[in-house]
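A.B. asks: Chain residues, written in single-letter form:
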Amino acid sequence: MQHTSLLERILRGIALTLVVIFFMFPIVWIFMMSFQTNETILRIPPQLVFEPTLANYTALITGKLTTAAGTLDIAFMRNLWNSVFLSVTSVAVALLLGVPAAYAFARHKFRGSEDIAFTLLSFRFAPALLVLLPLTLYFQKLGLANTYIGLIWVYQLICLPLILWIVRGYFEDIPADIEYAYRIAGHSWFATFRKIALPLAGPGIAAAGLLAFIFAWNNFVFALVLASADKQPVTVGALAFITSSGIQYGQISAAIVLSITPTLALALYAQRYLVEGLSLGAVKG
Amino acid sequence: MTAATMQRNRPSGFRISKRVLPYVLSLPALLVCIGILIPFFTSVVYSFQRYRLSQPWARQFNWGDNYISFFTDPKFWNTLQVSLLYAGITVLLELLLGLAIAMLLQKRSTLNNFISIMLLMPLMTAPALAALMWKLMTNPGFGVLSYLASLIGLQDFRWASSPSTALFTVVLVDIWVYTPFIMILLLAGLRSLPTQPFEAAALDGVPRSFVFFRITLPMLTPYILTATLFRLLDSIQQFDIIYAMTQGGPGDTLTVFQVEAYLNFFQSTNVGRSAALMIILWAITYFLSNIFIKNWLRLRERARGLA
Chain W
1 MQHTSLLERI LRGIALTLVV IFFMFPIVWI FMMSFQTNET ILRIPPQLVF
51 EPTLANYTAL ITGKLTTAAG TLDIAFMRNL WNSVFLSVTS VAVALLLGVP
101 AAYAFARHKF RGSEDIAFTL LSFRFAPALL VLLPLTLYFQ KLGLANTYIG
151 LIWVYQLICL PLILWIVRGY FEDIPADIEY AYRIAGHSWF ATFRKIALPL
201 AGPGIAAAGL LAFIFAWNNF VFALVLASAD KQPVTVGALA FITSSGIQYG
251 QISAAIVLSI TPTLALALYA QRYLVEGLSL GAVKG
Chain R
1001 MTAATMQRNR PSGFRISKRV LPYVLSLPAL LVCIGILIPF FTSVVYSFQR
1051 YRLSQPWARQ FNWGDNYISF FTDPKFWNTL QVSLLYAGIT VLLELLLGLA
1101 IAMLLQKRST LNNFISIMLL MPLMTAPALA ALMWKLMTNP GFGVLSYLAS
1151 LIGLQDFRWA SSPSTALFTV VLVDIWVYTP FIMILLLAGL RSLPTQPFEA
1201 AALDGVPRSF VFFRITLPML TPYILTATLF RLLDSIQQFD IIYAMTQGGP
1251 GDTLTVFQVE AYLNFFQSTN VGRSAALMII LWAITYFLSN IFIKNWLRLR
1301 ERARGLA
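Quick note, the sequences are listed as chains W and R, same order. Throughout the first sequence, residue numbering follows my numbering, covering 1 to 285 in sequence. Throughout the second sequence, residue numbering follows my numbering, covering 1001 to 1307 in sequence.
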């Protein structure tokens, strides 16, 4: 590294400050709005100092919003629960289906395995509505429209390719000799898979599972097309919120804060896994 | 005796299971995906039909009519133009910004690591929710950004509700969400580069710009290509941000492919046109992802070769 002049250090400092402000400001601002009443929000110029109130959050949690027109029932907690349930179940199903398949792709080069693997990867790049629009018509015929099962199935479109590709890379990095030695010792392939391959690929499975959870949580279009209000996750629920009249801006902000907190907390908690998963999924197999 | 039989049987049993096992392991995942593949072919069929949900009796094959009508349809050309413009602008700006930030954060230090963790947060925010956040901030009544714009003399800056600034606003949200993605990939790339060329260049007193254009950039190219193509594929299909922010409006300013297909399906119930639009978008992404996969394979070979 070349020595850096004072001027350069100052310029770098300013640039980094601007970057941090641009990327953090919206989150900080919405967080602040969620503790304000409509009166302080509507004040011009915007207030940096205000008396924080928890009213927005209590209104959301109890599900009773008092508006000018009277009390309004909202089901935001229902949306939050849907998000948790759909994301957790989808990732669990994807892990159950995807990890053995990833192992098969990594360990056994069988006929057509590369083609199948690429087909599965290509799902990640296909336009979602290409599949979703006919699927709405099919789901109505099959009775899967607006059911959790239908949604979890479609969520596999996001979760499965991700898990398959990241976990496969980790399995490929485990030397086959270790597994072979264990098998020679007289253990079945399943015992080998469970006792050797799974623990060694553990970090990869964790990274893939976390990423899949976040992508499932953040998904918007699947539920927008396939679910009605009682099955919708927060991403769709919050949009309905902002367009319906009579709901206060502080309450919308509080809803957004509650919706993004789980993924942000996960990101902070497991950032190393996430970064590894993201760069691995992109650069490596 | 039994032990001897087992010994003899074992290799053959092993071989059979070894041949069948991978299929057994991957079959469930495949079945789930095949269920999802069927609608894809249905889309192809729909795209060759005159099919409106409001007039199911008039449903019939019209073969290429949906596609042919696109040529003379200004709405289609608008969709194509906006989609390409959106993808081009977002990816270009995110690439430049992401590279700049990655280079600022390249040195490992506590502060830099802390900042790069903070920058993960927009990426982990659901794009649809990010759009709502920006919608609140650009509200003409109380939005803090509208206020800031008025401070610098833009008295009536309308953000997403004016046709002339709507594209700018959604691009801004896209940049906010996805620049960290490119930053993460390029930072991983920068930090994995060998140090010798840089040390040699520093010893010889080679100018910084020369080091950047002749050493850093060429060595970083595989990472840049991967990040670009990943983003390009996502960006040309953008739906969440645009739909949550403006639902394609004002007017048809922002009717990119997926938004236009969604509106065609649910508002004008024109299934045929909607499917044809999606097939064209699919063809574009297929073309792009083929380039990507070829590139990615070469990259992987090279990584293996070096290791």
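Check the hints yourself; a few may be wrong.
If we take Cβ atoms under 8 Å as the criterion, some of the chain R residues that face chain W in the derived model are [as the list claims (entries may be wrong)]:
#, residue
1, G1035
2, L1093
3, L1096
4, I1115
5, L1119
6, K1135
7, P1140
8, I1184
9, F1213
10, A1244
11, L1263
12, S1274
13, A1283
14, F1287
List of simulated lysine to any residue pairs, SDA-like, C-alpha gap at most 25 Å [as the list claims (entries may be wrong)]:
#, chain 1, residue 1, chain 2, residue 2
15, R, K1294, W, T17
16, R, K1107, W, R111
17, W, K141, R, L1053
18, W, K195, R, R1019
19, R, K1107, W, K195
Derived from the structure by calculation, the hints contain no laboratory data. None of these values were measured; they are calculated from a predicted model. Don't be surprised by glycine CBs; every beta carbon is placed ideally from N, CA and C.
A.B. asks: Determine for every hint whether it applies to the structure shown.
C.D. replies: Going down the list of hints, with the structure as the test:
{"no.": "1", "hint": "G1035", "verdict": "holds (7 Å)"}
{"no.": "2", "hint": "L1093", "verdict": "violated (12 Å)"}
{"no.": "3", "hint": "L1096", "verdict": "violated (13 Å)"}
{"no.": "4", "hint": "I1115", "verdict": "holds (6 Å)"}
{"no.": "5", "hint": "L1119", "verdict": "holds (5 Å)"}
{"no.": "6", "hint": "K1135", "verdict": "holds (7 Å)"}
{"no.": "7", "hint": "P1140", "verdict": "violated (11 Å)"}
{"no.": "8", "hint": "I1184", "verdict": "holds (6 Å)"}
{"no.": "9", "hint": "F1213", "verdict": "violated (16 Å)"}
{"no.": "10", "hint": "A1244", "verdict": "holds (5 Å)"}
{"no.": "11", "hint": "L1263", "verdict": "violated (11 Å)"}
{"no.": "12", "hint": "S1274", "verdict": "holds (6 Å)"}
{"no.": "13", "hint": "A1283", "verdict": "violated (10 Å)"}
{"no.": "14", "hint": "F1287", "verdict": "violated (11 Å)"}
{"no.": "15", "hint": "R/K1294 to W/T17", "verdict": "violated (39 Å)"}
{"no.": "16", "hint": "R/K1107 to W/R111", "verdict": "violated (46 Å)"}
{"no.": "17", "hint": "W/K141 to R/L1053", "verdict": "holds (15 Å)"}
{"no.": "18", "hint": "W/K195 to R/R1019", "verdict": "holds (22 Å)"}
{"no.": "19", "hint": "R/K1107 to W/K195", "verdict": "violated (39 Å)"}
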